Amino acid sequence: GAVVSQHPSWVICKSGTSVKIECRSLDFQATTMFWYRQFPKQSLMLMATSNEGSKATYEQGVEKDKFLINHASLTLSTLTVTSAHPEDSSFYICSVRGGGASYEQFFGPGTRLTVL
Amino acid sequence: GDSVTQMEGPVTLSEEAFLTINCTYTATGYPSLFWYVQYPGEGLQLLLKATKADDKGSNKGFEATYRKETTSFHLEKGSVQVSDSAVYFCALRGGSQGNLIFGKGTKLSVKP
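If you read the protein sequences in the order shown, they are chains A and B.
Under the working numbering, the first sequence has 1426 at position 37, and the numbering climbs by one with no breaks.
Under the working numbering, the second sequence has 385 at position 111, and the numbering climbs by one with no breaks.
Keep in mind that a hint or two might mislead.
[Stated by the list, open to error] Only pairs whose alpha carbons sit at most 20 Å apart, straight line, appear in this in silico SDA-like list of lysine to any residue:
| hint | chain 1 | residue 1 | chain 2 | residue 2 |
| --- | --- | --- | --- | --- |
| 1 | B | K326 | A | Y1492 |
| 2 | A | K1430 | B | E316 |
| 3 | A | K1430 | B | K326 |
These are calculated hints, taken from the structure and not from any lab test.
The model shown is predicted, which means the values in this text are computed figures rather than measured ones.
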């Protein structure tokens, strides 16, 4: 399967600052990329879906101005948490898919964000 | 909306014990069902899947059968190993976008 990397693997930042998380598909052309958020002992919650070259589609309740997603190429997507606050502390996971809805998704290892 | 409910962990077993992790779902139509596994420090990996009723997915000694009548997809393994220690997620794929909907995950620890 595809190898998906995320950088950084963990980050600590001060409240009010912005943090950028990169998701790279190392050996796979990711037509679609997904960003999930996971709280402790909770399931993965889909935040947004993006197709290469298009604007991301955000799930209900996810602030698109706060969580900026850029799917710049078939191998790179970034999630920027703007003006981060402690309640944004979470585990963020990206996922890639090559084709349509029936294709397999591959997941990155996740990024732990802690906002002080 | 669609949802997945799986048994809460953590589950601690001795090596060679029998494993069952329960998973039930609520969905319109006939979703595809999945089990993903997440080993420490790694991303989720597809363990097995089933796309229609009565299908049995299997991989690495794990099995799960798509039971439409009970809306279940329980994960089983006859003899677990220490290397099976991980977090297991049940998921369904439905909707026009084919988004995955996950359960909360069950942490399994296998002791030697």
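Quiz item: Which of the listed hints are not met by the structure?
Solution: Result: hint 3 breaks, nothing else.
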